[in-house]
Structures are given as C-alpha cells and as structure tokens.
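**Q** Put the complex together from the two separate chains, hints included.
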Amino acid sequence: MNDRSASTTLLQLTAVLVCAVALAATLGFLKVSIPDVLSILFARLTQQPLPAGIDPIAATVVADIRMPRILAAVLVGGMLGVSGAIFQAILLNPLADSYTLGISTGAAFGASLVIVLQIFGLVLPPVVSVPIFAFGGAIGTLALVLYLASGDRRLSSTSLILAGVIVAAILSAAIGFLKFLADEQVGIIIFWLMGSLSGASWQNILLLTPTALLGVLVALFYSRDLNIMATGDRAATSLGVHTVRLRTTLLTTGTLLTALAVSVSGIIGFVGLIVPHMLRHMVGPDNRRLIPLSFFTGGLLLLFADTLTRAILPVEVPIGVLTALLGGPFFCILFKKRQKDGTTAF
Amino acid sequence: MARPLSEQDTDRLWSLHEVSFGYGTTPVLHKVSLELRPGSCYGILGPNGSGKTTLLDLLSGLLMPQSGTIEFKGRPLHSWPKKQLAQRLALVPQDFMVRFGYSVREVVEMGLHPHLHRFAAPSEKDQALIDEVLRVTGITTLADRPVTRLSGGEKQRVAVARALAQQPTVLLLDEATSNLDIHHSLEILQLIRQRFEQQGMQVIAVMHDLNLASFFCDHLIFLKQGQVVCQGPTDEALTPETIAAVYGVEAEVTPNTFTNCRQVSFRLPVNP
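If you read the protein sequences in the order shown, they are chains S and L. By our numbering, the letter at position 111 of the first sequence is numbered 105, and the numbering carries on one by one without gaps. Add 13 to the 1-based position in the second sequence for our numbering, that's all there is to it.
Read the hints as simulated data drawn from the structure, not as lab findings. One or more hints might be untrue.
As the list claims (entries may be wrong) - Pair by pair, the computed Cβ-Cβ distance ranges are:
| hint | chain 1 | residue 1 | chain 2 | residue 2 | range |
| --- | --- | --- | --- | --- | --- |
| 1 | L | S92 | S | L89 | 36 to 42 Å |
| 2 | L | H130 | S | L208 | 18 to 24 Å |
| 3 | L | Y36 | S | I164 | 27 to 33 Å |
| 4 | S | V277 | L | E265 | 54 to 60 Å |
Stated by the list, open to error - Partner residues aside, some chain S positions facing chain L, computed with beta carbon under 10 Å:
| hint | residue |
| --- | --- |
| 5 | P88 |
| 6 | L200 |
| 7 | A229 |
Unchecked claim - Example chain L residues on the side facing chain S (calculated, C-beta under 7 Å, incomplete):
| hint | residue |
| --- | --- |
| 8 | P89 |
| 9 | W93 |
| 10 | F209 |
Backbone N, C-alpha and C define an ideal beta-carbon position, used for all residues, glycine too.
Extracted from the complex, chain L is given alone in its bound form (with noise of 0.2 Å):
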C-alpha cells in the first residue's frame, strides 16, 4: 500500500521507556521501551496473554505504569487533562458491548462528547460529521436502530464510527476487526487507512491475524511475555524466524503479487 503523503512531522508520538505493568502480583509487560512517531501505521502483535491490550491501555492513559515513564507527545502521559486527551484518541474497542437501547445515531454522537461544551447541542457541522462517519462506515441504514438488536459486525462497525467522530489525531484499535467476517474486515481496515494516508490521522493497531497486519501496517511491535521481541517496517520484520520466536510455529513468508503484500502461511513444528 502507498506510504502516507505526509512524511515530514518526524515528532515523536509516544515515548515509552522502560515501562512495567502487572495485576496484583502477575506481571504483564516488563521494561518496555519504544517509540512510536507520526507517518507509519503500527501493529502491534504477539500470542495470546503477551500483554498487547496492557500496552494499548498504558498508550491510552486508561492503565498507569508502575514503573518507568510514558510520555505522548513530549509530555507525560498522566500530565495530560483527560479531555484534552481525548481529543487526541480514540479507542476501537473488541467487544463494543452497550447496556440500554441507545439509538445508533446516539453512540456515534457520544464521539463528539470531548469537543462539545456540557450542555452545547451538536451544531449543524457537527451534525454533517456524523452523517458523514455514518454513511463511510455503511450503517447510514441503521442509524434510528437500537444498537443492542444489532450483529456483532454492525456493533463494531458503529465502534468505528463513533471514534471518527471523535475526530483523533490517533486511532487505538483492540482487535477491532477480529470478530468480523473477512469483507467487513477488509472494509474497515481499508477505510482507516484512508484516513491515515489522506488525513493523516495516524493508527495503533492491535491485531491477531499476521496476514491482515501485513496488509495493514506499516511497521510491526512483536510482544512475548511482556517484552519486545523484535520491531521494524513490516517488510523486515515479518520473518519466518521472528513468527517461530514468537508463536512457536514454522512459517513460510512469501511476496505475494495478488495482495501486493507478504503472506504467511504455518504449520505447527513437525518434530519439536
């Protein structure tokens, strides 16, 4: 896919450096270090338990680290108001689950939330917005629906709506794509990279499927037991070596002309 038009903001985004989290006395992520600047979509992948949503909530602020230091956009993370972070991202969650017959118009309105002033109605702009999120997202067609009689596809796809409507310089996504079918998935990820390559509004991602990740991003953070086993641009860093380190499993990686992106196919190792 065409690199992002806009190469030159070269400032960091976050900043992490030696950063450690664990629940109560099971430790998640040990002394993490990274940075993550403008102008690459990242995907951050790794087995199950390897601590990847951890490292999407301390990026987030929703986690704090209990040691090190996490800095977004030369700033520490926790000196930031939470509006104002909010105004800078949004979060795609797995599971978008909501409680009470909220319409879908509703939801998707709730992105404005960090931009609108307490008791300020939506204004006609904004109103345009969302009809706007609304209609590239597909569920135009939805919108009066209750979004608790809608699928598991149409639920996430209103997810994403409502965090572009929340306007954010950077899109976190959790999995966002993993409980859709194959077209919706694609759908999805084609229509944020849209938006990463022509506004320049920049994406974590984290992701399961090695093939849509190649597909996908730009550049790959691998995490096993809480650390960072290799990171680079996708092209050097999918190997069949580092998804054996990781995954355990023998892979193939091939160049393939009809995804125009490398492709991995595995099996399990045949004598271990």
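Bound conformation, chain S alone (with noise of 0.2 Å):
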C-alpha cells in the first residue's frame, strides 16, 4: 500500500467515523435532528450562545450525555481492537486477545475486589475506585504472566500463552468467590462484568484520547517488526529485530489500552477478539494497514452495538452480551466458509 492510497483510506475512514458520530448523536428518546446536532457541538465548541429555535433540553442532552457516550464507545471499542490486533500478533495465535493472557480477568477480579469490600460496607478512601483497581488488576496480572514467563529467556509465546491461561485460571476462581460472598447483591458485580458505557463522562474522553492515540502510534512504530515476529523468533532475531524487547514493549502497550478501556466500560469482550481477524481476512495480515484499520472498525463496531443498546432496543442490554451476540454467529459463519473453502488455517 503506497503512502497515497493509505491517506486516502485513512480520510474516508475518518469521513464515515465522523457521519457514524453524527447520526447516533440523533438518536436516542429525544430525537434530535443532523443540522441540529451539529449547531449544538458548533455553539458548545466555539463558546457561542445556542442559536433560537433549538430546545436547551435538547443541547444539554446531546452535548453532556450522548456524545461523551458515543465517543467513547468509539474509543473504547479502537482500543479494545488495535490491543487485540496487537495480542495476537505478538501470539502468533489469531484467537488470541486480552483474555488470553488473563488481562481482561485480572481488570475483573480488581473491580470485583473493591465491589465486594463496598458491599461489605467498608468505607474505602476515594482513590479505591472501581476504575482504578479494575486498571491495576490488569497491569498487575500482565506483570505476573511476564515473571511467570520470564524462566524462558526468550519470552515465547508458548510460555506467555500457559502463564496466562494460568493466571486467568486463578484469577477465575477467585472471581467466582467474591461473587459467592456478594450473595444477594451479586447483581453489581455481574452487572459490571458485562460491561455498560451508560456513565460515560467527558473526563473519560480526556483519559482515554489520548492513551488510545499512544497505543496506536507505539503498535504503529512497530509494526514492521511485528510483521516479521510472524516468521520465526530464530528468523525475526537474524533479521535484527529485538523479539523480548518487542514482546515486552507492545504487551505493555496492549495491556495499557485494554487496561483503561476496561476501567471506563467495564468487561466487553469478542471486540478484540473478531475485529482484527477479520479484517486479517479482508485486508491481509499486514500489521501497518491492520492496525489502524482495527482501531476504526473496532470503533464502529462498539458504537454500532451501543447505539443499538442505548437507542433502538426496547429495554438497555448490556453492550458485553450484546457484542458477543452479535459477534458469535458472525464468527461462526466465517468460521463455516473457510472450512468450505478448504482453509482451515486461521
């Protein structure tokens, strides 16, 4: 792919990104129309009272509520694709993402803690977050897969793939403890679990922007090298490529974007996972169209299910069943056609 063509695709995935914001920003109980929603973000970006003829109700709504939900549904979702992308290149496995290292249960577990200990009524001093212990669970199970790995000088995926099934293995359990002591008041931690962008604020946005445009520019940095991690440690090494370094660096970088996408949303799964395979299947497994390409579609995906959720199904279900609701049949249906085509090979 030329620099051109890349420009060019880049632009027109911005262009359908930006349509994509605009009319889900219309929908929802209180319809808004397109123009108007575009003179409320217009008047609240440039400071300008609100022009006549456009209820206040209608402004506070798009502009305090749904946007800084969509947007992060859209950044949420890039993060959670670009972090899976990046997992399974550095696998090998393409059915690898966050859970396979146990990273997405190690963000569990930390919510759970705290949700048990505040149901138990311990008064928590307000850096006990939610959030932030769902983000340390996460950064803390990666550091204990790599000291577990860490025996196998070379860091190979192997050995990364069975401390991480380990882990999560534990970390399950554990899980399943806490829920066990929640008894009746259960319901938060399942709740949680499945994942909900309903309390979306505009800090959020301010976190998350710029952590998902890192992550993606270090994925990007790399990504020629990630490429030829596809053919071997032994033939990546004569290639000059530093495989423990690489492996340390974008695990690190891929757990940081799930470890915060997590912390705002809550548990959403199958994004990490279907996004970056499938388009490997379209697109070819090329790491510098794939990741970017991962973050847009991820992005859309995310915004597609929670616009669906927020807006267009009667009752709200939680956008972690629905992904997978979604995305499940679609797997198995990719899954179908390539046996048919006689490419069991993913």
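**A** Below you can see the structure in the form of structure tokens.
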C-alpha cells in the first residue's frame, strides 16, 4: 500500500466515523435532527449561545450525555480492536485477545474486589475506586504473567500463553469466590462484568483520547517488526528484531489500552478478538494496515452496538452481552465459510 | 567445484575461543575453539544432538556463550548492534514456518528490513532486487500466493529468497535443504554456491547429508558430543576414519568422476 492510497483510506474512514458519530447523536429517546446536532456541537465548541429554535434540553442531552458516551464507545472499541491486533501478532495466535493472557480477567478481579469491599460496608478512600482497581488488576496480571514466563529467557509465545492461562484460571476462581461472598448483591458485580458505557463522562474522554493515540502510534511504530515476528523467533532475530524487547513493549501497550478501556466501560469481550481477526481475512495480515483499520472498525462496531442498546432496543442490554451475541454468530459463519473454502488454517 | 575468485581476503570472519554452552544443566558445546575465514564454504556436520544448530545460533548471536569468547570480524560478537549484524548475517532455518497468510512477496520483502528506515517504503531498486531473488529461487509465479498455502519445499525456497534479499556478507544455513527432494536441494545449493563464487557471499552450512556436504562445502567441521572432532578441507577431512569416529559407521570414501567430488557409502559395523 503506497502512502497516497493509505492516506486516502484513512480520510475516508475518518469521514465515515464522523458521520456515524453524528448519526448516533440524533438517536435516542429524544430525537434530534443532524443539523441541530451539528449546531449544538458547534455552539458548544465555540462557546457561542445556542441558535434560536433549539431546545436547551436537547442541547444538554446531546452535548453532555450522548456525546461523551458516543465518543467513549468509539475510543473503547478502537482501543480493544488495536489491543487485540497486538496480542494476536505477539502471541502468533489469530484467536488471541486480552483474555488469552488473563489481562481482562485481572481487570474484572480488581473491580469485583472493590465492589465486594463496598458491599461489606467498608469505607474506602476515594482513590480505591472500581476503575482504578480494574486498571491495576490488568497491569498486575501482566506483571505476574511476564514474571512467570521469564524463566524462558526468550519469552516465547508458548510460555506466555501457558502463564496467562494459569493466571486467568486462578483469577476466575477468585472472582467466583467474590461473587459468592457478595451473596444477594451479586448483581452489582455481574452488571459491571457485562460492561456498560452509560456512565461515560467528558473526563473519561480526556483520559482515553491520549492513551488511544499513544497506543496506536506505538503499535504502528513497531508494525513492521511485528510482521517479521510471524516468521519465528530465530528468523526475526536474524533480521535484527529485538524479540524480547518487542514483546515486552507491545504487551505493555496492549495491556494499557485494554486496562484503560475496561476501567471506563467494564468488560466488553469479543471486539478485541473478532475485529482484527476479521480484518486479516479482508485486507491481509500486514500490521501496518491492520492496526489503524482495527481502531476504526472496533470503534464503529462498538458505536453500533452501543447505539443499538441505547436508542433502538426496547430494553438496555449490557453491551458486553450484545457484542458477543452479534459477533458470535458472525464468527461461526466466517469459520464455516473458511472450512468450505478448504482453508481451516486461521 | 571451482574455487572462489577472491582468495586474497584472509581476514577472519569468526574466531571462537573455548566457547561452552548448555541448556539448563545439559552441556551442549564444550570448549569449542574455531577460526572461520572467508573464501571457503564451511560445512558443520555431526550426529543428532552434537551441537550443530547451537553452534550456528552462537555464530549468529542468537545465543550467548556461557563461557569463552566469540569475535566476528575482529570485534566481540555481542558488541555488534543487532541491525548491523542483520545487514551482514542472514539465516535460513530448517523449518520455515510463517503464521498468518502473508504473501510470498511480503515475506521476501521482510529481508529488506535491516536496510530500510522504519517508515521507508522499498525503493525501485529494492523492488528490482526482490524481483531478482524471486526469479533465481524460481518462485516468481508464487509471488502473490499466501505463504501458508505453499508446500514445504516451496516455503523453503521462500526462506532462501528472503535471506538473499537481506544481501548478507555471510549466509547461515541450518539444514536448509533437509526437507527438500534431491532436485530442489541441488538447485538451491547450486544457486547459493554461485553467489559464493561470483559475488563472494560467504556460507556456513549445517548439513546432514555427507554426500551433499562433499558436493557443496570446501571445508568441513565435524562435531561430536559438543566438541570439534576433526576439521579441514573437504578432501582431507572426509575420510572413513573420521566418519567412523563421528558417526560410528563403517564408510568407504571414493572420488567420483560423475559428480566430480568425493562420495561416501556406509554400513553399520558388522561385528561391533
């Protein structure tokens, strides 16, 4: 892909995303037209008074409630998509995502722990919040997995996956125990574990935007090295790739993206798995394309799912459930189709 | 086969001094000292588990010796920046496995990695180089195919093409033709031999087949249980005595007018 066509594609995708965001902002209990949405946002951004004829309630709903949630959906979806692409490339496994190394499970454990402590009526300092513990749980899990896998000095994908599976199994059991302790109030944990973007605020957006940008840039910076990793460690080293350093750097990047996304939205599965996987079939495995495309596709997918549950479905279905219900059957179709084409090798 | 044209360049490529290496508590190489000079195609031979591949990994800098020193071109191997080393050394592994369906051309282009800036696209000259290595390895027609769908032999030719695209000073072969049929083995070895003779690309090859080694190499190094048992020019080193000592088989080594090199026949000792 040459530079010109790359930037054209990028512009087109940005345009699609902007349209999708504007469209999503019109939908909901209160219908607002696209021109009204644009004038509200324009007025807010330029600190101008609202033009006459626009309902001030609509303005508040669009600017303070819908926009942060919509942008959070795009950013969280994009971050999950990119982190999935990173995990798949590093672990040499097209079915890997942040669950494979237990990262998401670690975040879930951190969050459940705080929720249970709150249920027991412990007065916790404000620093001990669910998002911060979810974030810490994810980072702590990565540290543990890296420590366990470090006996193998090359930090091979096999050792990493094995360490991740063990840590995830322990954490799952621990989450089960916390749910048991929560007893009748287990619903609070379950609600968080199924993910929701309903609490997203502008502060979240201020936190997510730089992280998303940084994560995508780091992944892009190393994208050619990531491609070479697909040909095995020995071959990659002989091409001058620092395999251990690359793995550590990118696993940390992928974990940061997941951890921050999860701390805002709760656990949302399937986006990180299916988005890069599906794109690989459509545009090939070159990470220089895959990583930016994963961001846009992940963002669009989660925006679609969130708008569906927020504005179209009669009841708000937890977004984590919705992504799995939408993505799962799609994945099955893709899988069967590949078998029919005679290529089971994913 | 003809000797390379440029013999005057006698700088050492590698010097190994009492190099030892082991995995965990299992020793693999024990106090190996070697000098490898330009101008000869080297063959590293020995039974399974004798440390051939480990020696190659030490030469390429993938492994660090646990004791002893390795110098490459007069400088400690591990003081070489990885990228500079990658501009000089290319490896063809035994089983070239690629995860994900990169096209053959994409995989061969990865060979340019150590020569390209991080965000630079291959120039027209680079593209011409890729076209050329695809042609000489006979995989031009496969260029757009996903590498995951190729046969073992085709994949191995992709690995060779990629190593050639890396334009190395020294090519390291790790039983690179073990999984190929005799026709493709000879084709690849001949191609590499031509590069050696005409362009001065040096070659260090771990090999299994003694007859192919005799055809391909000027200098043989025999390893057994992690030590160098015998080394020297092929005509001197490839003897029934060496083969008996290294592999524990009876052998007959005869000059062959058909292949123009020494050929070996073996049998197990009759009365052990």
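**Q** Hint by hint, say whether it matches the structure.
**A** Status of each hint after checking the structure:
The hint said 36 to 42 Å for the Cβ distance between S92 (chain L) and L89 (chain S), and at roughly 41 Å that hint holds. A beta carbon spacing of about 22 Å between H130 (chain L) and L208 (chain S) agrees with the range 18 to 24 Å that was offered as a hint. Look at Y36 (chain L) against I164 (chain S): about 29 Å separates their beta carbons, and that is inside 27 to 33 Å. About 58 Å separates the C-beta atoms of V277 (chain S) and E265 (chain L), a value consistent with the hinted range of 54 to 60 Å.
With its C-beta approaching chain L no nearer than about 7 Å, P88 (chain S) sits inside the 10 Å limit, and its interface hint holds. This hint is violated: L200 (chain S) has a C-beta 29 Å from the nearest C-beta of chain L, more than the 10 Å allowed. Using the Cβ-Cβ criterion of 10 Å, the hint placing A229 (chain S) at the interface with chain L is satisfied: the shortest such distance is roughly 6 Å. The restraint placing P89 (chain L) at the interface with chain S is violated, with a minimum CB-CB distance near 18 Å, outside the 7 Å limit.
Residue-level restraint check for W93 (chain L) is violated (minimum Cβ-Cβ distance to chain S is 10 Å; threshold 7 Å). Interface hint status for F209 (chain L): violated, as the beta-carbon distance to the closest one in chain S is roughly 19 Å, over 7 Å.
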